[in-house]
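Chains as they are written, first to last, in the numbering used here: chain A, 3 to 666; chain B, 3 to 666.
Warning: the hint list may mix true and false statements.
One copy or two, it doesn't matter: identical chains are merged, so the pair holds either way.
Here are the computed lysine to aspartate or glutamate pairs in the DMTMM-like style, where the Cα-Cα straight-line distance is at most 25 Å [what the hints assert, rightly or not]:
no. : residue 1 : residue 2
1   : K569      : D520
2   : K485      : D440
3   : K140      : D595
4   : K485      : D520
5   : K140      : E381
6   : K579      : D208
7   : K140      : E609
8   : K279      : E214
9   : K579      : D34
10  : K600      : D260
11  : K481      : D70
12  : K175      : D70
13  : K279      : E227
14  : K279      : E189
15  : K71       : E348
16  : K140      : D557
17  : K481      : D520
18  : K202      : E609
19  : K140      : D107
20  : K485      : D206
Please keep in mind that the hints were generated in silico from the structure rather than gathered at the bench.
2 protein chains.
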Amino acid sequence: MVSVTRCFLLLCFLLLCFILISPSSSHPHPLDPLTPAELSAVRSIITSSPLNLSASLTFHYVGLDEPDKSSVLSWSSAYSYSSLPPRRAMAILRAESQTHELIVDIAGAAIVSHIVQPGTAYPMLTIEEETAAGLLPKSYAPFVESVRKRGLQLEDVLCTSYTRGWFGAVAAKGRRVVSVLCFVAGETANLYVRPLEGIKVVVDLDEMKILEYRDREVAPVPPAEGTEYRAAKQRPPFGPRGKRVVVEQPEVRWANWDFHLAFDTRAGAIISLASIKDTGGSRRSVLYRGFVSELFVPYMDPSEDWYFKTYMDVGEYGFGLLASPLQPMIDCPPNADFIDGYYATESGEPLVISNVFCVFERYAGDPSWRHTETMIPGETINESREEVTLVVRMVSTLGNYDYMIDWEFRTTGTIRVSVNNLLTGVLAIKATTHNHTDQINTDEHGELVAPNSIAVYHDHFVTFHLDLDVAGPANSFVKANLKIVHTNSGNPTPRKSYWTVVRETARTEADARVRFGDSTAELLVVNTGVRTSLGNAAGYRLVGSSAAGTSLLSDDDYPQIRAAYTKKQLWVTPYHKEEKWAAGFYADQSRGDDNLAKWSMRNRSVENTDIVLWYTLGFHHIPSQEDFPVMPMLTGSFELRPFNFFERSPVINTEPFYKGLWPQ
Amino acid sequence: MVSVTRCFLLLCFLLLCFILISPSSSHPHPLDPLTPAELSAVRSIITSSPLNLSASLTFHYVGLDEPDKSSVLSWSSAYSYSSLPPRRAMAILRAESQTHELIVDIAGAAIVSHIVQPGTAYPMLTIEEETAAGLLPKSYAPFVESVRKRGLQLEDVLCTSYTRGWFGAVAAKGRRVVSVLCFVAGETANLYVRPLEGIKVVVDLDEMKILEYRDREVAPVPPAEGTEYRAAKQRPPFGPRGKRVVVEQPEVRWANWDFHLAFDTRAGAIISLASIKDTGGSRRSVLYRGFVSELFVPYMDPSEDWYFKTYMDVGEYGFGLLASPLQPMIDCPPNADFIDGYYATESGEPLVISNVFCVFERYAGDPSWRHTETMIPGETINESREEVTLVVRMVSTLGNYDYMIDWEFRTTGTIRVSVNNLLTGVLAIKATTHNHTDQINTDEHGELVAPNSIAVYHDHFVTFHLDLDVAGPANSFVKANLKIVHTNSGNPTPRKSYWTVVRETARTEADARVRFGDSTAELLVVNTGVRTSLGNAAGYRLVGSSAAGTSLLSDDDYPQIRAAYTKKQLWVTPYHKEEKWAAGFYADQSRGDDNLAKWSMRNRSVENTDIVLWYTLGFHHIPSQEDFPVMPMLTGSFELRPFNFFERSPVINTEPFYKGLWPQ
């Protein structure tokens, strides 16, 4: 009987499941990323301009120079497509060892602003220069000799660029330098676990030449055996598997949510203007903007070849630039739809990243809510609704690690970020002579995870920019503190204690820096100007993650100065258009003079104004053998959950999917 | 093109998806719950015994008296079905106001042990007495008058039993008492949000009579409007929905996992003898036993009618006894299979709870791991495997709240508990005259969530008994502490700090009490006698939940004395067969003399021995209007993740599902 019903339902899915989401809107939106035509136009405007830029001009970032929030909001409320704000681009260029910031009016074919950036930090690396720097050693005689000395084939050796951070006195004095680190492929595709240890190559990216070369010591190359991960290379006996399963999505319009999705070279996915229908049926803003602002990954080995590994992957490499094209049926379920992204190459030409996002409805077999009632005579009630959500996914592969960021929208009003998966890929491996823990009697700064392979201790701090506009921009940040009350037992009841809630509204930025665990409080963003019929202020609650690590580095250590904001999980700032990147606009070799912690020191008012939350998911990673040769997903997520935003549960009157199909 | 492939795949699923799991093994297992025939036999052995038990005998618990762990383990390693240990039952009875503990040899038809329990705490309530107590007021003249005075229809008023805890001097002096609380249904099925406030009814369960009655004040009954949750009662305009989706499971054997699942009246689902194939192909134990040991729910209103609401739902009501039959297609996805459970009624007769568990394969569209590799010339690698897991689900409806416990087994070796959903159902509501927050100027001990409706502050503490046997019973508990090391900048590198790992093995129970957040450490259970080829001790890591609340009640408050263990999230004890219930074997009106915190005070050795972890998921609940009239799922989960248990990732050589179907 069940089988018959199942068959019937599956047939229904077969009929329904090919109606696709069409995620890009048919009308232009002021936050749309630059199109290929616009990217080409920007390039042509710049290269044909009378600006005295050299022939060696390189494009490090080209993206939308977003209109002011006020003009986006007024456009959004009017939806008057004719009054679209002018399309402008921001371009970050390098020419003759200088960084140029340009604002380009695309329709007007004019450069409206041009600044030569005076600081000591640098823009994102281009893929082209990373590749070129990685090729330098292979034609550099001392390196060729080093490879020969180790008995390796030059063609098996692959090198790429690693940023070097900033470490005070040893700073590279006005040079854009990277370390070039090399690995051995050939027998395996899993090159990261086979480092060419003991060789130091420092490259000047502007001059594209090797500045420093040192072959310090010959270390063993960890064995290739058992490191291969490609399916086609696996041999029986095969590992465990369950058969799998399809998630299908039959509908085009998505429930009560509305939002804009854009690709950006630096941030990757940008969610803008997310709004939801309230229980009265009118649309209300929730999130003006959400994206990954920075990703700080410090390694914990102070030695020569490792101490500088304190990456800021978003600002140095680009979370969007290094996005992986998503594979249908592999990275995303069969019902997913895919969206392309475009970026400007080093020469300013538009290039596509196909399938940079996938968007799909998820049903994982769980209810959204349920209740069984047995107290009503003659009636047994089992009520439940399916949890069907919409997921926007992207994957950014920053060298060895793959980060998967999911934005999940629930009909309950909750936005959940990075639901079941966040971090996978290959560990950074340091070669060692050891192949048994009994041989280890000093601090190796990591764990032995394979023969000759130390996986070095490290952290991941993923910082989200969350510009909440809860029922409008004028918001406040409230800590709902749980306060213990001690009572006189016996007066009137024997109970001796309970907790109650004392709400504390943050007046300035200093009030709103939160280290989770320091106190017991729920964290809310409220709009005191918009109240429910019961008088409760419309709000959203930040539900933190179990991945709640903060940085353990000392405050005066160079990487910590640069990423000072990683000592607290949450910061709140007043909205400021320029404050988008937690580690500063120029992150490469930055010195901590332009970052979230610095801005917050101004201690501006954050009460009843447009505020931005900065929330960091933090992992301390002690590797184990299971993480080798490719680690299974580590999970971590946080939620933005409505709190008196609706008059009541917005899904209480949602019909069950099986109504009409399934006997009531 | 995509559509064609999708169709093809869906057709494949249609062919494959009706092969069902058969979750109950065909051979008897020493941990199988009692069958209906065994339950009947136990009843008949007891009622026909020469024991001088009264005619008013009631059965409060009948379950397997499990064989000693050593005999289960030796049976398990031999799998010699003929040598099954003798089947024994434990029965907890009440007769003439005394509690009797009996052990019954089923095959021998003999009572092998009989103890009259001398303590002051009581066994779980029976459903029959809860129902009977709930009916008492309706034929009690003062109550009938109270109802009339409020202008209500007696048939709309529904009452049930609420345990009263223990509060020192006011203890009920040897009586099994409950409060009977009443609600108004009629216009809505959602009776919990319409309490009949101001009436106190205390019932003696053994005598089944009203001991105390007081009509303190006439409070408004909160309105029924907008509280209905049944689908059939909803009217347009309907709420948001996305179309949904099927998870199908085509295979019978489940990957690398093997475990036993049993139903118990008190615990609900019990997972036993969970083992997994290691990368060498041999089977290794992970978890000897896992179940929900207690669920402590204290409310935070010290007033007359609320102060005692400090429930221990497992020990007082039975997490299994109040399990809800799971509805196909509603509580579990279409590919789920269902298992029944049996319990003994008050009269000792067996009764079925149909569909008490569902078991299904879950594919939610996520990868288990992935990596993109672009550094290898001429080759772009995108490798990924689907995450397909096995979920065992049950729902326990304890009055207004519905708890959904999922045990999810992953091929990576991870066990995840209560993945995406834990808590739903209806809030406990206190009636108030208020219908706007502006009218409130005292502490109402809750939030106004609907007109005349205060949802009272409260906590949920779900405590799991986790008897890990990592590669065998001899285990140790290790804190891998992250210790900061300060270095001399410039010697040899400019780095000033890093963290390293200092492992600390707990010697006694006191070393192993953990309050999360007090320090930065990863928590491991290791077997130092079983090492990988690299010398790492086989281990499992406990990855805690974001639901990490601990109790805020004062240590000397009565409910806190009873649930003293809720001040720490984690305790470790040496395995002791009797120590299964965190709040004590008899939880009703218990006084804290038999609970986890008490046992732990003996400070026994926990090193290199058989140990049990007790982990508590804790929520502090400040309700909001969205939680009304039925709250959307609150999530909370924890993981047991392998840590050097395998030689390498156990899923690296798993074939992708689409191999052969999907172009490589």
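Here is how each hint holds up against the structure:
1. K569 x D520: Classified as both; 12 Å inside a copy, 16 Å across copies.
2. K485 x D440: between (51 Å within a copy, 22 Å between copies)
3. K140 x D595: The answer is neither: 37 Å in one copy and 73 Å across copies each exceed 25 Å.
4. K485 x D520: both (13 Å within a copy, 20 Å between copies)
5. K140 x E381: between (78 Å within a copy, 19 Å between copies)
6. K579 x D208: The answer is neither: 30 Å in one copy and 70 Å across copies each exceed 25 Å.
7. K140 x E609: neither (57 Å within a copy, 54 Å between copies)
8. K279 x E214: Neither: 60 Å inside a copy, 50 Å across copies.
9. K579 x D34: Within one copy only: 17 Å inside, 64 Å across.
10. K600 x D260: neither (34 Å within a copy, 54 Å between copies)
11. K481 x D70: neither (30 Å within a copy, 50 Å between copies)
12. K175 x D70: neither (36 Å within a copy, 71 Å between copies)
13. K279 x E227: Between copies only: 21 Å across, 55 Å inside.
14. K279 x E189: Neither. Shortest intra-copy (56 Å) and inter-copy (28 Å) distances fail the 25 Å Cα cut-off.
15. K71 x E348: Result: close neither inside a copy nor across copies, 29 Å intra and 67 Å inter.
16. K140 x D557: Neither: 39 Å inside a chain and 68 Å across chains, both beyond 25 Å.
17. K481 x D520: both (12 Å within a copy, 21 Å between copies)
18. K202 x E609: neither (51 Å within a copy, 45 Å between copies)
19. K140 x D107: neither (43 Å within a copy, 79 Å between copies)
20. K485 x D206: neither (57 Å within a copy, 36 Å between copies)
Of the hints listed earlier, those the structure fails to meet are numbers 3, 6, 7, 8, 10, 11, 12, 14, 15, 16, 18, 19 and 20, in rising order.
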